[in-house]
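*Asks:* Letter by letter, the chains look like this.
There are 2 protein chains.
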Amino acid sequence: MAVQKVTLFTQSPLKLALGGELEQIDIAYQTYGKLNAEKSNAVLICHALTGDAEPYFEDKSQSGWWQSFMGDGLALDTSRYFFICSNVLGGCKGTTGPSSLNPKTGAPYGSQFPHIVVQDLVKVQKALLDFLQIDRLYAVIGGSFGGMQATQWAIDYPDAVENVINLCSSLYFSAEAIGFNHVMRQAVINDPNFNNGDYYDGEPPLKGLSIARMLGMLTYRTDLQLAKAFGRATKAEGQFWGDYFQVESYLSYQGKKFLDRFDANTYLHLLRALDLYDPALGYENLKSALSRIKARYTLVGVTNDQLFKIIDVRKSKELLEQHSVNLNYHEFPSDYGHDAFLVDYDFFEPRIRSGLEYDSK
Amino acid sequence: MAVQKVTLFTQSPLKLALGGELEQIDIAYQTYGKLNAEKSNAVLICHALTGDAEPYFEDKSQSGWWQSFMGDGLALDTSRYFFICSNVLGGCKGTTGPSSLNPKTGAPYGSQFPHIVVQDLVKVQKALLDFLQIDRLYAVIGGSFGGMQATQWAIDYPDAVENVINLCSSLYFSAEAIGFNHVMRQAVINDPNFNNGDYYDGEPPLKGLSIARMLGMLTYRTDLQLAKAFGRATKAEGQFWGDYFQVESYLSYQGKKFLDRFDANTYLHLLRALDLYDPALGYENLKSALSRIKARYTLVGVTNDQLFKIIDVRKSKELLEQHSVNLNYHEFPSDYGHDAFLVDYDFFEPRIRSGLEYDSK
Chain V
1 MAVQKVTLFT
11 QSPLKLALGG
21 ELEQIDIAYQ
31 TYGKLNAEKS
41 NAVLICHALT
51 GDAEPYFEDK
61 SQSGWWQSFM
71 GDGLALDTSR
81 YFFICSNVLG
91 GCKGTTGPSS
101 LNPKTGAPYG
111 SQFPHIVVQD
121 LVKVQKALLD
131 FLQIDRLYAV
141 IGGSFGGMQA
151 TQWAIDYPDA
161 VENVINLCSS
171 LYFSAEAIGF
181 NHVMRQAVIN
191 DPNFNNGDYY
201 DGEPPLKGLS
211 IARMLGMLTY
221 RTDLQLAKAF
231 GRATKAEGQF
241 WGDYFQVESY
251 LSYQGKKFLD
261 RFDANTYLHL
271 LRALDLYDPA
281 LGYENLKSAL
291 SRIKARYTLV
301 GVTNDQLFKI
311 IDVRKSKELL
321 EQHSVNLNYH
331 EFPSDYGHDA
341 FLVDYDFFEP
351 RIRSGLEYDS
361 K
Chain Y
1 MAVQKVTLFT
11 QSPLKLALGG
21 ELEQIDIAYQ
31 TYGKLNAEKS
41 NAVLICHALT
51 GDAEPYFEDK
61 SQSGWWQSFM
71 GDGLALDTSR
81 YFFICSNVLG
91 GCKGTTGPSS
101 LNPKTGAPYG
111 SQFPHIVVQD
121 LVKVQKALLD
131 FLQIDRLYAV
141 IGGSFGGMQA
151 TQWAIDYPDA
161 VENVINLCSS
171 LYFSAEAIGF
181 NHVMRQAVIN
191 DPNFNNGDYY
201 DGEPPLKGLS
211 IARMLGMLTY
221 RTDLQLAKAF
231 GRATKAEGQF
241 WGDYFQVESY
251 LSYQGKKFLD
261 RFDANTYLHL
271 LRALDLYDPA
281 LGYENLKSAL
291 SRIKARYTLV
301 GVTNDQLFKI
311 IDVRKSKELL
321 EQHSVNLNYH
331 EFPSDYGHDA
341 FLVDYDFFEP
351 RIRSGLEYDS
361 K
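In order, the protein sequences belong to chains V and Y.
Each residue of the first sequence is one higher than the last, beginning at 1 in UniProt numbering.
Each residue of the second sequence is one higher than the last, beginning at 1 in UniProt numbering.
Looking at chain V on its own, in the form it has when it is part of the complex (with noise of 0.2 Å):
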């Protein structure tokens, strides 16, 4: 089934947690299984920085970004769970965001895209389980990004949200790791074509976005895993300042790649609502935040991510302990560093049944 649309706060604006607003909001969704009668078994999906909202294809001539985590039998069970996953706002797969129509002007927001953060993706997510008739969650889970989502939907939503599944993600954003965002924006805004945000007329600010998406990819992954597969092998058709290593061709190929599929200020405005994520915004401080979760919470850790370090997951483990948030915590080594949830089935597989099965049999 190709992916489904629906324009919602048509009626009265989104009003966003940094000021502004923003009315006409296109959501692309899909979901998998069948939702029981008691509308019991749903399962919300939050995707990370750059997914979108199809994690899963049934025809598997295409792949999803977590095709290998969901299917009959599988922890993410379609024969069992009603899976709902839509790319964010300010996405580009669907979902309105920089690059969409703004309804006011029949250009591209470009530039005039508000500031978002995570408490307004989730906003969105709800309308969209409103629109689908679904007022309680048996579980939501995320990665990464979609970690901080999960968690925002327990604390703004606790009588929603059964179950939290939140992998390789944290509260809080690191300063390293906002050092690391902080270097690939200057890398899109300083590219010659960024023209402040509004290039949609003309050539976008590809080789920026490419450079961006190479430093990615390095914190996604571990040296451990690039020893492996890469070694000091050169190609044997290198450039001296080129591709030399076989290393430096996959990043290239990779940053490449990922042009056809991104828009650069879609990637500037999730970084940054991943740097400026805050679970308290909005109530008094951390705790009256956390007390609010009702949901059971399982985070799970890898000790060699690379992006969100394995002592600021397990700072996240204290506090959601300290403000008595029912835990299930996991951590484990993979050479996949912070790509693991994406892509180590083996290793999240038992957490995440284990995740969605305590009180469902």
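In short, the hints are calculated from the structure, not lab data.
In this text, all values refer to a predicted model and were calculated from it rather than measured experimentally.
There's no promise every hint is true.
Which copy? The list can't say, so a pair holds if one copy fits it or any two copies do.
Said to hold, decoys possible - Straight-line C-alpha distance at most 27 Å; calculated DSS-like pairs for lysine-lysine: (1) K104 / K15; (2) K315 / K235; (3) K228 / K287.
Given the coordinates of chain V, work out where chain Y should sit on it, guided by the hints.
*Replies:* Below, chain Y alone, put in the same frame as chain V:
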């Protein structure tokens, strides 16, 4: 004393390891302390990627890159040793590099500067020592890229080196580290002012170089140090897309400050020399290269170095031991990560002393 200068390779050119040659090579160097009558107390200091010929200033109104490690009674004891330090070949601090005038054309080398490797840098240092009439070095010491030069000294001139002290470095640069260098190089090369390296008549690729430097800084430090120094603190007058967080402001400042003192072509050439470093170049294999080492070899790794990961330092330790190098190995954690060899004197002092004082009493 101002930096000293000499022009060598005036009679016959330096034949470069990857082909081509360079003639009339200017070398900027500095010396500290007194050479004793037996000429048995000479210590060569090899600088890292962005260092220069002046690690130390006796006039304390200035500060060298190893200021806190050197001086009367310190680990690098200027009352005891005669230190020599020179700017590397390819550099931009007085030694011939891409920004120097090509004697054949009278214009800066720019894109015509030949490919250089660590072995070439070491040959130029050897020529300087010959000029200074020093046949034998009591020690060669260096961190990071400087550690590679120190290693190569002991391989190429085994009878001229009594001690090697190699800090925060390994025998090979890892796939991940090559990846970071690739991203930095592409940031420079994609800058519209780069002009294939021939930018000396116009505006240099400053934005690209500052992006590269910011990324470099992130690999030189650690998440722990950045969390302690900046955490998630924001700037009072920050811009949303600019330096909103203090860690961003710090990186931007480092990126800009670097532009005053460094040349983009030098950065590219020395990054590539890091990638390409192979102690076995010119020998049958690694065994035949490492087996040449007669020096006592001190290797010091930092367990949370994010550039030269400790797993690679340990591999180097094993390779050196396998080939019967007389090894003195230390490792310890430092929040400063890779930069520890420049700033964490308390940790390095005893290891450098033990590396130097082996048989000098």
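*Asks:* Does each hint hold? Answer for all of them.
*Replies:* Outcome of the hint check:
no.: 1; hint: K104 / K15; in the structure: within (16 Å within a copy, 67 Å between copies)
no.: 2; hint: K315 / K235; in the structure: between (43 Å within a copy, 24 Å between copies)
no.: 3; hint: K228 / K287; in the structure: between (43 Å within a copy, 22 Å between copies)
No hint from the list above goes unmet by this structure.
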